[in-house]
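A.B. asks: Residue strings, one per chain:
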Amino acid sequence: MSKYSVIGQRVRRVDGPDKVTGSAKYTFDMVLPNMLYGKILRSPYPHAKILNIDTSKAEKLIGVKAVVTGKDTLGRKQGIWRRFPELCDEEILCREKVRYIGDPVAAVAAIDEDTAEEALDLIEVEYEPLPAVFDPLEAIKEDAPQIHDGVELNMNVTRHIEWGDVDEAFKKCDYVREDKFKCSSQAHVCMETHDAVASFDHGGKLTVWTSTQSSYYIQRLLADILDLREGDIRVIKPPTGGGFGSKFELDSAQFCAVVLSMKLRQPVKIVLSREEEFTATKRRTPMYYYLRLGAKKDGTLLAKEVRVITEGGAYTAMGATALYLTGFFSSFPYKYPNYRYDGYRVYTNTAPSSAMRGFGAPQSTFTGESQLDMLAHDLGIDPIEIRRKNGMTPDYEVPGQAFIQSCGLHECLDSIDEYIKKRGELPPNHGIGVAAYGFMSGGIFNWFDTPYAFSAALVRVNIDGKVDLFTGACDIGQGSDTTLSMICAEELGVRLEDIRIHASDTDICPADLGAWGSRETLMNGNAVKMAAADAKSQILEYAAAKMGANIVYDLDIKDQWVHLVDRPERGVSYFDMVKEAIRGRDGEVIIGRGHYTPHRKGMISPAYSFGVQAVEVEVDPETGKYGLTNVTTAHESGTVINPVGIEGQLEGAIMMAGGYGFCEDQPMDGGNILNPSIADYKLIRSLDMPETEILEIDTYEPEGPFGAKEAGEGLTNPTAGAIGNAVYDAVGVRVTDLPITPEKVFRALRDKEKQSKQS
Amino acid sequence: MRKELRLVVNGQPYELYVKPKTLLVEVLRDHLGLTGTKRGCNSASCGACTVMLNGMAVKSCSILALQADGGEVLTVEGLASGGELHPLQEAFLDHGALQCGFCTAGMLMSAKAMLDENPEPTKKQIKEGIHGNICRCTGYNSIIRAVTAVVNGEYKEKK
Chain H
1341 MSKYSVIGQR
1351 VRRVDGPDKV
1361 TGSAKYTFDM
1371 VLPNMLYGKI
1381 LRSPYPHAKI
1391 LNIDTSKAEK
1401 LIGVKAVVTG
1411 KDTLGRKQGI
1421 WRRFPELCDE
1431 EILCREKVRY
1441 IGDPVAAVAA
1451 IDEDTAEEAL
1461 DLIEVEYEPL
1471 PAVFDPLEAI
1481 KEDAPQIHDG
1491 VELNMNVTRH
1501 IEWGDVDEAF
1511 KKCDYVREDK
1521 FKCSSQAHVC
1531 METHDAVASF
1541 DHGGKLTVWT
1551 STQSSYYIQR
1561 LLADILDLRE
1571 GDIRVIKPPT
1581 GGGFGSKFEL
1591 DSAQFCAVVL
1601 SMKLRQPVKI
1611 VLSREEEFTA
1621 TKRRTPMYYY
1631 LRLGAKKDGT
1641 LLAKEVRVIT
1651 EGGAYTAMGA
1661 TALYLTGFFS
1671 SFPYKYPNYR
1681 YDGYRVYTNT
1691 APSSAMRGFG
1701 APQSTFTGES
1711 QLDMLAHDLG
1721 IDPIEIRRKN
1731 GMTPDYEVPG
1741 QAFIQSCGLH
1751 ECLDSIDEYI
1761 KKRGELPPNH
1771 GIGVAAYGFM
1781 SGGIFNWFDT
1791 PYAFSAALVR
1801 VNIDGKVDLF
1811 TGACDIGQGS
1821 DTTLSMICAE
1831 ELGVRLEDIR
1841 IHASDTDICP
1851 ADLGAWGSRE
1861 TLMNGNAVKM
1871 AAADAKSQIL
1881 EYAAAKMGAN
1891 IVYDLDIKDQ
1901 WVHLVDRPER
1911 GVSYFDMVKE
1921 AIRGRDGEVI
1931 IGRGHYTPHR
1941 KGMISPAYSF
1951 GVQAVEVEVD
1961 PETGKYGLTN
1971 VTTAHESGTV
1981 INPVGIEGQL
1991 EGAIMMAGGY
2001 GFCEDQPMDG
2011 GNILNPSIAD
2021 YKLIRSLDMP
2031 ETEILEIDTY
2041 EPEGPFGAKE
2051 AGEGLTNPTA
2061 GAIGNAVYDA
2071 VGVRVTDLPI
2081 TPEKVFRALR
2091 DKEKQSKQS
Chain C
10 MRKELRLVVN
20 GQPYELYVKP
30 KTLLVEVLRD
40 HLGLTGTKRG
50 CNSASCGACT
60 VMLNGMAVKS
70 CSILALQADG
80 GEVLTVEGLA
90 SGGELHPLQE
100 AFLDHGALQC
110 GFCTAGMLMS
120 AKAMLDENPE
130 PTKKQIKEGI
140 HGNICRCTGY
150 NSIIRAVTAV
160 VNGEYKEKK
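Going down the list, the sequences are from chains H and C. Heads up, the first sequence is in our numbering, so the first residue is 1341 and it goes up one at a time. Heads up, the second sequence is in our numbering, so the first residue is 10 and it goes up one at a time.
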């Protein structure tokens, strides 16, 4: 028998048939009897006091059922960093002050969206505009306006990471570089905008259907802000049209729908418009980066110093985590003996910045991999060689921070090296740039302060052998329903079609922290594997008795066949054995339980994946116009559970990270985002998409289910840096602020020409 | 105020009364309950609302329902027939050409309209055919592979 029957197979997504036929019902598609439609009124000012809100005219409009403001709430501030009350700084419905253009001030429920929209125009809000500040470098000045009471210099969060003796080490370096970089904002652009249907009934129970990355977080955060019992709130995640980091905090659609529904005891649906999605939801954190890097002549890296100031926007959101992770991943994927990071997250009067796929690591990888190439160039060392010399290896400890078990970085470097050599001489104006990266498989941090295991699962084996898998994991498109079903089927020894997954409904599924930080495959996968193993052991107890095998034999189930491990031909059908086992226990169905919380794995993550990406560009040296022609990625993510899923993650990441490096940006004027539509927000479409090639490197992660680890977000880390290095390789100019637009390349080419004329 | 609208949707004739400003996508989703067609931007920029009208791919968020009066509309719900999936649907499933699925209906309809017009498109023509449809998950290449597989005859329409 082959090692695995289900894992590693090319399977169809378990939610695929519903999605290709249009049968999948998203929150966006839901209609409940007696349901009303809500709209949200938002601040037109970046910073202002609310003097008065008059809702009387809006309330009189025919068809309007309720208008709510912050006065209709308990006035509690909330935030996802629940352990730190000072970081729970967002009211959602502002009572006294607005802090960015888009901050919600009122919400309306009406018989239809048009009426609700009309009512928004009738709400009269009296504001007293306050001086506003938009750039973090301005916001930390003494005379800058204070955005949150008592927060001096608008300093929201600071983080420090250090090991070794950095100052001493720099003295020993043969060569030191100092560079500054600027990382831009990026919008998630989920195809389904944030939306929610809330229904508060006369029995005092609240049900919320919403497009979310964590139904458990939303349940808990609503309980906090509404002062309801967690168990009286049911959050259900229907199929979800993308998340990418934007959907695991409590958002205005969810909260306003709930407040309106609690007032009316009628279901209320709110769908954010595309413009609201761009201007009034969270976004990738813009960062100012200062890097100092020191090396020996031979390219051995001795010390790195990192200082980062981030544009926090109006609220903390998940920005505190992004601030930490950008600092941690600035050391990746290299063995720095001496390292120091200081990060400062600064409040500004702009839309809050928060989590987005890669979570601070795309910024650190762009800056770090750009600078490493610059240093290698100065020292006359090959870019692959310098990465080999300093790259992480298996069983490496990041001093005082993290333990890395499996690591295939060097195999990835070899593989990309071979690819580049095979590619041979490039056509004129083409260039290849590489970037190496690593990423975590879920975070160990518990700022949310959950008392639950990080992941949990239940497996129920029914009389006909069909298996129900219950998990709080959230499939937002990344495919966790399929991957977890595969893990369950493999462990239990059945086929994928024997599994039916029931996920992310807080009433019937055990809590899980949700889909962020690339955690579901490893963390929930471990819980599912444990639950399936528990169920299997209950079946095997009966099998051992029934089959009368010598107790020295091990029993197992594989391909629906209960058998002796050493003599697989001696066995019984799984279906027959399940029937007998259930009959033998007085008809009680078999229930397996599993949970997972990482222990003794350092401070960051239980496992890390690695990779190296080579981007080829073609640049027009006259105009700076360029395109991505090929992206080849050597990566390792432990055992590949779902190969079709990994391909999708990789190619999708290139679209998103390529956009980050190449064209996506959110320019602002006075706190106004200037391109809040899909027509104006440039992202990669089919014709711009490069050829993509995957070089899969085998590794096995001891901490992961069947040896698997992260494969979702890490792939967004390398592309921007590799693009920058490729442009340099093609035409010899370096762009240090994202995105690397043709215009910036053109300007850099012009500057270079001027300089060469002068000298 | 309301005007009469006659439409054949997925082979089924309908007679409706709609406001002049009602969009085709609103008729499909809100009046007929065919929610497989999505709305992603309401400005004809993302392609999630793509359906076929009289054999052509159109963005149903930018067409008044009354402009389609007397027309024949095909939505994603009408792609499968007789209990069998359309070859494009089969190919999308096999090639992982969908993830969150929110763009999928529009993507399938754009691909079908393209193949109806040109059953043997080049790779570049396939890319052009779906250029109006944004997919934020897949990076398009799996979609292009799926359409290519259909073009290559790997999926036959079942009669």
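It is worth saying that the hints were derived from the structure and are not from the lab. As the structure is a prediction and not an experimental result, all values here were calculated from the model. No residue lacks a Cβ here, since even glycine has one placed at the ideal position from N, Cα and C. Hints may contain errors.
[Said to hold, decoys possible] Calculated cross-link-like contacts (lysine-lysine; reagent style BS3-like; alpha-carbon spacing at most 27 Å): (1) 165/C with 1400/H; (2) 1405/H with 28/C; (3) 1400/H with 1522/H; (4) 133/C with 1965/H; (5) 2022/H with 28/C; (6) 1405/H with 1522/H.
[Unchecked claim] A partial selection of chain H residues facing chain C, derived with a Cβ cut-off under 8 Å: (7) 1362; (8) 1422; (9) 1423; (10) 1532; (11) 1819; (12) 1984; (13) 1995; (14) 2015; (15) 2016; (16) 2022.
A.B. asks: Each of the hints needs a verdict: does it hold here or not?
C.D. replies: Hint check results:
1. 165/C with 1400/H: 59 Å, violated
2. 1405/H with 28/C: 23 Å, holds
3. 1400/H with 1522/H: 50 Å, violated
4. 133/C with 1965/H: Satisfied, since the Cα-Cα distance of roughly 20 Å is no more than 27 Å.
5. 2022/H with 28/C: 34 Å, violated
6. 1405/H with 1522/H: 47 Å, violated
7. 1362: 2 Å, holds
8. 1422: With Cβ-Cβ at 28 Å, over 8 Å, it is violated.
9. 1423: 31 Å, violated
10. 1532: This interface hint holds because 5 Å falls under the 8 Å limit.
11. 1819: 7 Å, holds
12. 1984: With a closest approach of 4 Å, the residue 1984/H hint holds.
13. 1995: For residue 1995/H, the interface hint holds, since the closest Cβ of chain C sits about 4 Å away, which is under 8 Å.
14. 2015: 12 Å, violated
15. 2016: The hint is violated - residue 2016/H has no Cβ within 8 Å of chain C, the shortest such distance being about 11 Å.
16. 2022: 11 Å, violated
Of the numbered hints stated above, those contradicted by the structure are hints 1, 3, 5, 6, 8, 9, 14, 15, 16, listed in ascending order.
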